[in-house]
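Engineer: Chain by chain, the residues run as shown.
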Amino acid sequence: MKRLGLLVALLTAAVPAYAGHPAECLVAQHQVEHSFALPRAAKAITAKKLDILVLGTGSSVLPGANGAKNAYPARFRAALAEALPGVAINVATDVKSRRTSADMVKALPPRLTSVRPALVIWQTGTVDAMLAVDPDRFNDALEEGIGLAQSAGADVVLVDAQYSPRTESLIALSTYTEGMRWVALQHGVPLFNRFAIMRLWADLGTFDFTSAPHKFAVAERVHDCIGRLLADLVVEAVKPARSD
Amino acid sequence: MNSVVAIGSGPVAAGRDLRLDLFRGIALWLIFLDHIPSNAVSWITIRNYGFSDATEIFVFISGFTAAFVYGRAMREHGFVVAGARVLRRAWQIYVAHVFLFAIYLAEIAYVARSFDNPLYTEEMGVMRFLQDPDVTIVQALLLKFKPVNMDVLPLYIVLLLFFPPMLWALLRAPTAALLLSFGLYELTWYFDWNLAAWPKGVWVFNPFAWQLLFVFGAWCALGGAQRLTRLVNAPAVRALALACLVFAFAIVMTWYFPRLATFVPKPLGDFIYPISKTNLDVLRILHFLSLAVIAVWLMPRDLPALKSKAAWPAIVCGQHSLETFCLGVFLAFAGHFVFTEVSNRLFMHVLVSAAGIIVMVAVAALVAWYKRLERRGPRPPAVTPGLAGGVG
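Same order as they appear, the protein sequences are chains D and Z. Per the numbering used here, the very first residue in the first sequence carries number 1; after that it's consecutive. Per the numbering used here, the very first residue in the second sequence carries number 245; after that it's consecutive.
Don't take every hint at face value.
[As the list claims (entries may be wrong)] Keeping only pairs whose Cα atoms sit at most 25 Å apart, straight-line, the calculated BS3-like set for lysine-lysine is:
1. Z:444 x D:106
2. Z:615 x Z:551
3. D:49 x D:69
4. D:96 x D:239
5. Z:388 x Z:444
6. D:96 x Z:444
[Said to hold, decoys possible] Simulated DEER-style distance windows between Cβ atoms:
7. Z:503 x D:106: 30 to 38 Å
8. D:22 x Z:487: 48 to 56 Å
9. D:46 x Z:504: 31 to 39 Å
10. D:98 x Z:487: 28 to 36 Å
11. D:98 x Z:434: 51 to 59 Å
12. D:66 x Z:515: 47 to 55 Å
13. Z:478 x D:188: 37 to 45 Å
14. Z:350 x D:87: 29 to 37 Å
15. D:85 x Z:585: 44 to 52 Å
16. D:140 x Z:332: 51 to 59 Å
17. D:103 x Z:518: 49 to 57 Å
Since the hints were made in silico from the structure, they are not lab data. Even for Gly, the Cβ is constructed at its ideal location relative to N, Cα and C.
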């Protein structure tokens, strides 16, 4: 499996546009689906100013003093700034532990007014699964949040739950990840499949999510990769040929 | 499941239909494989190729065998005796569920203690309830708190609790009783009925919806299957069933290869999604019925292979389903533990899956041996263990 990972890494590393990313990020690159365009974000980029809101829960941040600096929203900003030179990129975060999608929908309107984002990255699903929220309510909350963001002039990218092997038998994610996929498809919203990406890393042995020597270093590298791959998704989705 | 039953109309039993045991045994294996998270081997299970999964098979056959066993008891000994036996069975399942919950608590407490990864501070919150064990345990005893993959037995308990009056009705006016069950299913969809769960949400398997399949199984056991024989064997129905399976397969493939999803016309997508497992979506029922039609077609009741050695492992598991099911839940915990603590290689997935099924067969054989022993034992067989084991 490791050898396969290396092969994939070599193949994908040959793509010049992504030459900047570490190989460990690139092995999962094909998991990033370039499904839908982000016209509002594209327009903001043309105007050289992209304001982004990251709305999420505990897995959008790392613990510790440098947690916010090393977590994927900050890494996403850095990768995006590199890919879009000359564009002023601001990333505001609204990240708090233990929030269901419905909780975040409630927190969204004031943020939309204060940040005025052209793009909302919405990481959710984990807490809903942990609390076993009624799946219909979950889907309703997703649709409501997407509607709020879009009518405030922002595109949305959904980010699903992390792959967490140790708690897999304790948290039933599948209903909620499927719900997110379904809602994303319905509303023409890109889904960043964080679960599939991390799962692939685990399968290939790129990162070890069960045991933990240098665990902080691993967590930071994982977030760095997620930030970079998320930036790839956005860069691809705002390309002029795709935005309508 | 046609021609399954000659017992429905009279007290003379034509013996157990081994196909029921066979398919229930296979369903139990599939449930075990599906319950190990991220198990590579679970790619072989039917849930990956259509809308329904092993749960439908299990619930249908459980309804069938419950009516088979307790229907006879009700005819011979009356409502009170049969009802009391059904309730005793429900109690046994409740005890089994609580036993599994104890094992679950041990597992989660271990994970909570040994698990410390900065990536997963959010996920760690799932252990939070360990801080209030009193509340958690009481909620579990009330069947409101149900850990992942421990939803089937509570469903089964509720189905059995309401089974005596339903069985009474089924014996008198089977079609009216089935219509009643269907009416409840419809009302459940219309009014969004379900039982509340703790700390949030509702039951993963909504008993008000899933009862339809259980009652349908019971209805088939009590003569309904005979009435359906001609319908089920009609070439047009078989063709329709095959078409349904092919359609479901095509749709399911778009879940695994999202690029294919663009081939699903939007009106069709709007029509079929979401496919609710909680409320037993009608597509799941249709898919299950199609599977049943094809299975009955390919496998007549008197197929010699059913008595062969190759079929025995599944049949013995199906005949002792409560024990095998509980063991399967435990083995799934254990299997996942091996994946995270020992090795997560493909080889290990195959090994754990195969070993689990072998253990299930071995224990089922042991239980069968015990039951034979008790029947032969010094005590007079006042209570035939085989009856208690009818649904088990």
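Engineer: None of the hints should be skipped; say for each whether it holds.
Structural biologist: So, going through the hints one by one against the coordinates:
1. Z:444 x D:106: holds, 18 Å
2. Z:615 x Z:551: holds, 20 Å
3. D:49 x D:69: Status holds; Cα separation ~22 Å.
4. D:96 x D:239: violated, 32 Å
5. Z:388 x Z:444: holds, 9 Å
6. D:96 x Z:444: holds, 19 Å
7. Z:503 x D:106: 30 to 38 Å: holds, 35 Å
8. D:22 x Z:487: 48 to 56 Å: Holds - the Cβ-Cβ distance for residue 22 of chain D and residue 487 of chain Z, about 49 Å, lies within 48 to 56 Å.
9. D:46 x Z:504: 31 to 39 Å: Distance hint for residue 46 of chain D, residue 504 of chain Z holds at roughly 33 Å.
10. D:98 x Z:487: 28 to 36 Å: violated, 47 Å
11. D:98 x Z:434: 51 to 59 Å: Violated, since residue 98 of chain D and residue 434 of chain Z (Cβ atoms, about 34 Å apart) do not stay within the stated range.
12. D:66 x Z:515: 47 to 55 Å: 50 Å Cβ-Cβ, so the 47 to 55 Å window holds.
13. Z:478 x D:188: 37 to 45 Å: 44 Å Cβ-Cβ, so the 37 to 45 Å window holds.
14. Z:350 x D:87: 29 to 37 Å: violated, 54 Å
15. D:85 x Z:585: 44 to 52 Å: Given about 47 Å between the Cβ atoms, the range holds.
16. D:140 x Z:332: 51 to 59 Å: violated, 42 Å
17. D:103 x Z:518: 49 to 57 Å: violated, 22 Å
Hint check: violations occur at hints 4, 10, 11, 14, 16 and 17; the rest are consistent with the structure.
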